[in-house]
Amino acid sequence: GWINELCYCQLDLHPNAPYDPWTPHSGISHMYLGQRAATRLATKGGVEVPGNMRPEHPEMNTMTHEPHAKCLKLIQAAMKDPEKEPQVKKIYETIGVYFGYAIAQYSEHYDIDNVLVLGRVSSGAGGEVMLDKAKEVLSTEFPALKGIKFHVADEHFKRVGQCIAAAALPRLRGRKSLSRRLGEIDEISPK
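Just so we're aligned, residue 1 is where the sequence shown starts under the working numbering, counting upward by one.
Heads up, a few of these hints could be off.
[What the hints assert, rightly or not] Lysine-lysine pairs mimicking BS3-like chemistry, simulated, CA-CA at most 27 Å apart:
hint	residue 1	residue 2
1	K84	K73
2	K133	K146
3	K73	K44
4	K135	K149
5	K133	K73
6	K90	K133
7	K44	K80
8	K133	K89
9	K135	K44
10	K84	K44
11	K44	K89
Source of the hints: derived by calculation from the structure; they are not laboratory data.
In this text the structure is predicted, and so the values were computed from the model without any measurement.
Could you build all of it, start to finish, from the sequences and the hints given here?
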């Protein structure tokens, strides 16, 4: 089997898609499927976040991991509040829709039978909402993909599993990178 870390694949081709702070590209997966997506959607979900974490703030997309992790904790806390839950749930539903369409887009390049779900945004009740919505998208919009099996890691592995998975990936030799979707063709080779 294969494990592919697809957080740096481009999902959004819109010219005004948010730029990734670590690459020169815009519309990268992790901006739509992880805690950065949750941060971008927080105010629409009725969650009060610091001013610099609002989508319109120029620093919002360039911040390090920690402020986004703090924002996600605010969102997860709001999800546990019965009065706020109906509105906050929409954040996770939106990310779930993104996730379902992302899997469909990835399936244009990969034969996908199994998806291992990692990342803090998939924790708790919100993560269940996100996953249910992704499955619904696949079932209704892409019936040929509805048989994909989802595997959810335990809470500890969700938080550190991405690092472990990335560190365990083998070095690719002579393979074309996915950046050709960005109009480039790069060879991936050992240093």
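Do the alpha carbons of K84 and K44 lie within 27 Å of each other, as the hint requires? Roughly 12 Å between the alpha carbons, so the hint for K84 and K44 holds.
Would you check the hint for K133 and K146, treating anything up to 27 Å between C-alpha atoms as holding? Holds, at roughly 12 Å.
task: Mind checking the alpha carbons of K135 and K149 for me, to see if they're no more than 27 Å apart?
output: holds (9 Å)
### Message
Check the hint pairing K73 with K44 against an upper bound of 27 Å on the C-alpha distance.
### Response
The given pair, whose Cα atoms are some 16 Å apart, holds under the 27 Å limit.
Exercise. Is K44 within 27 Å of K89, Cα to Cα?
Worked result: holds (11 Å)
Item to check | Given hint K44 paired with K135 - CA-CA distance at most 27 Å | outcome: Holds, at about 23 Å.
_Tell me if the straight-line CA distance from K44 to K80 falls inside 27 Å._
OK: K44 and K80 at ~17 Å, within 27 Å.
Handout entry: Straight-line alpha-carbon gap K133 to K73, limit 27 Å
Key = holds (21 Å)
**Q.** Agreement of K90 and K133 with the hint, judged by alpha carbon distance not exceeding 27 Å
**A.** It holds: about 10 Å lies between the C-alpha atoms, which stays within 27 Å.
Assess, step by step, whether the Cα of K133 is no farther than 27 Å from the Cα of K89, and give holds or violated. holds (11 Å)
27 Å limit on alpha-carbon distance, applied to hinted pair K84 and K73:
Holds: K84 and K73 sit about 14 Å apart, inside 27 Å.
Hint compliance for this structure: every hint is met.
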